[in-house]
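Okay, so the sequence shown: first residue is 1 according to the numbering used here, each after it adds one.
Simulated from the structure, these hints should not be mistaken for lab results. Computed from a predicted model, the values in this text were never measured in an experiment. Treat the hints with care, since some could be wrong.
Computed spacing ranges between beta-carbons, pair by pair [said to hold, decoys possible]:
(1) PRO66 x ALA44: 19 to 25 Å
(2) ASP193 x PRO159: 53 to 59 Å
(3) LYS128 x GLY24: 47 to 53 Å
(4) THR157 x PRO62: 17 to 23 Å
(5) LEU33 x ASP193: 17 to 23 Å
SDA-like mimics (lysine to any residue), calculated; alpha carbons at most 25 Å apart, straight line [claimed, not checked]:
(6) LYS128 x ILE156
(7) LYS161 x ALA180
(8) LYS57 x LYS128
(9) LYS57 x ILE119
(10) LYS57 x ILE125
(11) LYS128 x PRO66
(12) LYS57 x ALA17
(13) LYS57 x TYR12
(14) LYS57 x TYR9
(15) LYS126 x LYS161
Idealized CB from N, CA, C, for every residue including glycine.
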Amino acid sequence: MRLTLPDRYFDYLPWAAATLLVAGIVHIVSVLLMPTVAPRDAYARVVAAVGAAPANKLALLPPMAPGAEALPFEDPAFAEAVCVFDLTQGMLRVTSNADGEDYLALSFHARAGRVFHAITDRAAIKGKIDVVIGDARQMDALQGASDEAPPQEVRITAPTKRGFVLVRAFARRPSEQTRARERLAGVTCERFDPPKD
C-alpha cells in the first residue's frame, strides 16, 4: 500500500509535538531562573545606586532623570529612598510619621528583588508607621520574649537574610519634589534590638 502525502505528515506529528513541548519547558525554566542567575539583579542595582551607604540605614536615591534611572520603571512623580538590610546583623525597624495627606509607600524586597510585603500610610496606627523585619528564627525569639500585650508594630518575616526596603513619597507637582524628599528624610531605618526581660 502506497502512502499519500498527508499520511507522511502524520508520521512527523509526534516528533513536532515533542519538539514544541521540550521548547516550551526550556523557555519556562529559563524565564523562572533568570532573576536568580542574572548578574545585575535588583539587589545589586540597589546596592550600586546607594553606593557606600551602610546596611540598615536609609539612603535617598537621586532624582529621576531620563536615561539615568537608578532603578527600572521609576516614576518621576515619586521621590525614592532605599534601605538595604542584612538580618545577620540583627532585626530591622522602619518607622515614619504619616499625616494622612501625603502618600507614603514602603515595599519590602527579598534578595532577588521579589516583593514580600508592602504597606502605605493608610496602615498607620495613630499617625505612625512602625515595622519590624526579621527572619523566622528572630521572629520566633521576639514572640517568645514579648509579654501577653499585643505588639504595637507590624512584624514581617523576611524570606531571605538580605534584601531592601524601597520607600516612595508622592509629589503631586514637580515643585513638590523637595517636600517629598523631606518626608523621606523623616523615615528611620535602623537595627532593632528586642527588649530583654
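Hints and how they fare:
Checking the proposed 19 to 25 Å range against PRO66 and ALA44 shows it holds: the Cβ atoms sit about 22 Å from each other. The given range of 53 to 59 Å is broken by ASP193 and PRO159, whose C-beta atoms sit roughly 22 Å from each other. At about 50 Å, the CB distance of LYS128 to GLY24 agrees with the hint of 47 to 53 Å. About 32 Å separates the C-beta atoms of THR157 and PRO62, a value inconsistent with the hinted range of 17 to 23 Å.
In this structure the hint that LEU33 and ASP193 lie 17 to 23 Å apart at CB is violated, the actual value being about 38 Å. Taken as a hint, the LYS128 and ILE156 pair is honoured in the structure, with Cα atoms around 16 Å apart against an allowance of 25 Å. A C-alpha spacing of about 30 Å is found between LYS161 and ALA180, which places the hinted pair above 25 Å, so the restraint is violated. Taken as a hint, the LYS57 and LYS128 pair is honoured in the structure, with Cα atoms around 19 Å apart against an allowance of 25 Å.
Annotation: proposed proximity of LYS57 to ILE119 holds, straight-line Cα distance about 19 Å (limit 25 Å). This hinted pair checks out: LYS57 and ILE125 have alpha carbons roughly 23 Å apart, not beyond 25 Å. For the hint pairing LYS128 with PRO66, the CA-to-CA distance comes to about 34 Å; that exceeds 25 Å, so the pair is violated. Pair hint LYS57 plus ALA17 does not hold up; C-alpha atoms about 54 Å apart against a cutoff of 25 Å.
The hinted pair formed by LYS57 and TYR12 fails the criterion: a straight-line CA distance of about 62 Å is larger than 25 Å. Under the criterion of a C-alpha separation no larger than 25 Å, the hint pairing LYS57 with TYR9 is inconsistent with the structure, at around 65 Å. At roughly 30 Å between alpha-carbon atoms, LYS126 and LYS161 are farther apart than 25 Å, so this suggested pair is violated.
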